[in-house]
Amino acid sequence: GESGSGKTVTALSILGLLPYPRARHPTGSITFAGQELLGAPERNLNKVRGNRIGTIFQEPMSS
1 GESGSGKTVT
11 ALSILGLLPY
21 PRARHPTGSI
31 TFAGQELLGA
41 PERNLNKVRG
51 NRIGTIFQEP
61 MSS
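Residues 1 to 63 in the working numbering are what the sequence shown lists, from first letter to last.
Heads up, a few of these hints could be off.
Simulated restraints on C-beta separations [stated by the list, open to error]: (1) 41 <-> 9: 20 to 26 Å; (2) 13 <-> 34: 17 to 23 Å; (3) 40 <-> 60: 27 to 33 Å; (4) 40 <-> 61: 18 to 24 Å; (5) 61 <-> 12: 27 to 33 Å; (6) 42 <-> 6: 22 to 28 Å.
The hints are simulated quantities; they were obtained by calculation from the structure and are not laboratory data.
Ideal Cβ placement from N, Cα and C applies to all residues, glycine included.
All chains, full assembly: derive it from the sequences and hints.
See the structure below:
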C-alpha cells in the first residue's frame with residue numbers, strides 16, 4: 001500500500017498493540033480465524049501474536 005495509508009495502524013490495532021484509551025474501537029469487531037480479537041483477554045492475544053499474525057517493525061532511520 002501507499003505511504004501513509006494506515007497499514008501500520010491497522011496491523012497494530014489487529015494485534016492490540018495501540019495504547020488504550022487513546023486508541024479505542026467504539027464499534028465493530030476484529031475477527032481472525034473465527035476468533036474475536038477485539039476485547040479478547042491478553043492471554044488469548046498472546047497466542048495469536050507472533051504465531052498466527054505478526055508484524056515487522058520498520059526502522060524509521062532507514063525508511
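Tested hints:
1. Between residue 41 and residue 9 the Cβ separation comes to about 23 Å, which falls inside the hinted range of 20 to 26 Å.
2. Between residue 13 and residue 34 the C-beta distance comes to about 19 Å, which sits within the given range of 17 to 23 Å.
3. A hinted range of 27 to 33 Å holds for the C-beta pair residue 40 and residue 60, which are about 29 Å apart.
4. A hinted range of 18 to 24 Å is violated for the C-beta pair residue 40 and residue 61, which are about 34 Å apart.
5. The given range of 27 to 33 Å is broken by residue 61 and residue 12, whose C-beta atoms sit roughly 20 Å from each other.
6. Checked against the hint of 22 to 28 Å, the pair residue 42 and residue 6 passes, with Cβ atoms roughly 24 Å apart.
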